[in-house]
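Student: Just so you know, full-length UniProt numbering puts 262 at position 262 of the sequence shown, and the rest follows in order with no gaps.
These are computed hints drawn from the structure, not numbers from a lab.
For each residue, glycine too, the CB sits at the ideal point set by N, CA and C.
Among the hints, erroneous ones may be present.
Simulated DEER-style distance windows between Cβ atoms [said to hold, decoys possible]:
(1) Lys-221 to Thr-248: 16 to 24 Å
(2) Thr-274 to Ala-234: 30 to 38 Å
(3) Pro-77 to Ala-234: 42 to 50 Å
(4) Gly-184 to Trp-218: 22 to 30 Å
(5) Ala-65 to Leu-300: 30 to 38 Å
(6) Glu-307 to Lys-133: 24 to 32 Å
(7) Gly-95 to Trp-218: 43 to 51 Å
(8) His-28 to Arg-237: 39 to 47 Å
(9) Asp-13 to Thr-242: 41 to 49 Å
(10) Asp-13 to Thr-92: 16 to 24 Å
(11) Arg-275 to Val-84: 51 to 59 Å
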Amino acid sequence: MQRPHRVVVLVLDGALPLDVGIGAEVFHPETGFPYEVSTCGVTAGTVPAHGDFGFAVPRGLDALAEADTVLVPGYAPPGRPISVKVREALRTAAGRGARIASICYGAFALADAGLLDGLRATTHWDAADKLAKRHPQITVEPNVLFVDEGAVLTSAGAAAGLDLCLHIVRRDLGVGAANEIARGLVTAPYRAGGQAQYLPRTNSAAAQGETLAATREWALKRLDQPLTIAGLAAHARMSPRTFLRRFTEETGSTPLQWILRARVDTARELLESTRLSIDHVAREVGLGTASNLRLHFRRLLDVSPTEYRATFAGRNKP
Numbered sequence: 001m002q003r004p005h006r007v008v009v010l011v012l013d014g015a016l017p018l019d020v021g022i023g024a025e026v027f028h029p030e031t032g033f034p035y036e037v038s039t040c041g042v043t044a045g046t047v048p049a050h051g052d053f054g055f056a057v058p059r060g061l062d063a064l065a066e067a068d069t070v071l072v073p074g075y076a077p078p079g080r081p082i083s084v085k086v087r088e089a090l091r092t093a094a095g096r097g098a099r100i101a102s103i104c105y106g107a108f109a110l111a112d113a114g115l116l117d118g119l120r121a122t123t124h125w126d127a128a129d130k131l132a133k134r135h136p137q138i139t140v141e142p143n144v145l146f147v148d149e150g151a152v153l154t155s156a157g158a159a160a161g162l163d164l165c166l167h168i169v170r171r172d173l174g175v176g177a178a179n180e181i182a183r184g185l186v187t188a189p190y191r192a193g194g195q196a197q198y199l200p201r202t203n204s205a206a207a208q209g210e211t212l213a214a215t216r217e218w219a220l221k222r223l224d225q226p227l228t229i230a231g232l233a234a235h236a237r238m239s240p241r242t243f244l245r246r247f248t249e250e251t252g253s254t255p256l257q258w259i260l261r262a263r264v265d266t267a268r269e270l271l272e273s274t275r276l277s278i279d280h281v282a283r284e285v286g287l288g289t290a291s292n293l294r295l296h297f298r299r300l301l302d303v304s305p306t307e308y309r310a311t312f313a314g315r316n317k318p
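Given these sequences and hints, build the entire structure.
Tutor: Rendered as structure tokens:
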């Protein structure tokens, strides 16, 4: 029997409680998926959190030596330098092949350890300028939910940390597993990494980020049908021009880009959970033909539908 994938959450002084809880919830073995999650600190004991309480952690930095994934939650104040011991432990874990991920201000710990040099990264929008100025060798992207650079991943604020962890599950186990965990957490199963963070705007309606939620849900139920900007705008009771601007503000992508990604993700889930032919899957998600589905799979995922099915079919449960 394959051993579980070990996720270790590194709790640093001033840890943000919600950030710490995200990894514990997404990767908890009670979800039924092959993860094992634990916490550690610089040393075993109680780590003071942001607020009037703390986290009891059973182990110190030695726990990182056993981690397949190290998750660093945010901590306050943002940008506080980490100790040499923490830097070395993170570098050692990355050097032996562990995946390293951060939530919110946790990106500063990865940056201080040199793990983001030459890479793209993000953090909470209110600290993005600080991260960029302190580490000019990093390409900081302040207006995205998360950035996946393969072995190193970073996310924006707490809710984006949930998106990042679900993205990791999609990478490991496929769309079906991520969707099932999301349903258990009563959260949206998929928000693309390029979707915009909240940033202050003069238009308060746009800043809410939910003015077109009903239209997006409507579109997701009709992926097998032709979907046009004119039709989506009519559903949202907006002019096409206003709809296009508002949609891009809320999601970080154009409507047609968003629909294409939704179709590919729905195809991924069908390939994981059914024996439908590639042609049938293509028709079900509105991509028409198997060749069209293969084209977009290659472009977005760098694999063919057949290769994807061979990798992920039957892997949703241990």
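Student: Verify the CB-CB distance for Ala-65 and Leu-300 against the hinted window 30 to 38 Å.
Tutor: holds, 35 Å
Student: For the hint 41 to 49 Å, verify it against the beta carbon of Asp-13 and that of Thr-242.
Tutor: holds, 47 Å
Student: Return holds or violated for the Cβ distance of Asp-13 and Thr-92 against the range 16 to 24 Å.
Tutor: holds, 21 Å
Student: With 51 to 59 Å as the target window, see if Arg-275 and Val-84 comply at their CB atoms.
Tutor: With Cβ atoms ~54 Å apart, the hint holds.
Student: I want to verify a distance hint. Is the separation of the beta carbons of Glu-307 and Lys-133 within 24 to 32 Å?
Tutor: violated, 42 Å
Student: Falls inside 43 to 51 Å, the C-beta gap from Gly-95 to Trp-218?
Tutor: holds, 48 Å
Student: Can the suggested window of 42 to 50 Å be confirmed for the beta-carbon pair Pro-77 and Ala-234?
Tutor: This hint holds: roughly 48 Å between Cβ atoms.
Student: Do the beta carbons of Thr-274 and Ala-234 sit within 30 to 38 Å of each other?
Tutor: With Cβ atoms ~32 Å apart, the hint holds.
Student: Starting from the range 16 to 24 Å, see whether the pair Lys-221 and Thr-248 falls in it by beta-carbon distance.
Tutor: holds, 22 Å
Student: CB of Gly-184 to CB of Trp-218, is that within 22 to 30 Å?
Tutor: holds, 25 Å
Student: Mind checking the hinted window 39 to 47 Å against the Cβ distance between His-28 and Arg-237?
Tutor: holds, 42 Å
Of the numbered hints stated above, the single one contradicted by the structure is hint 6.
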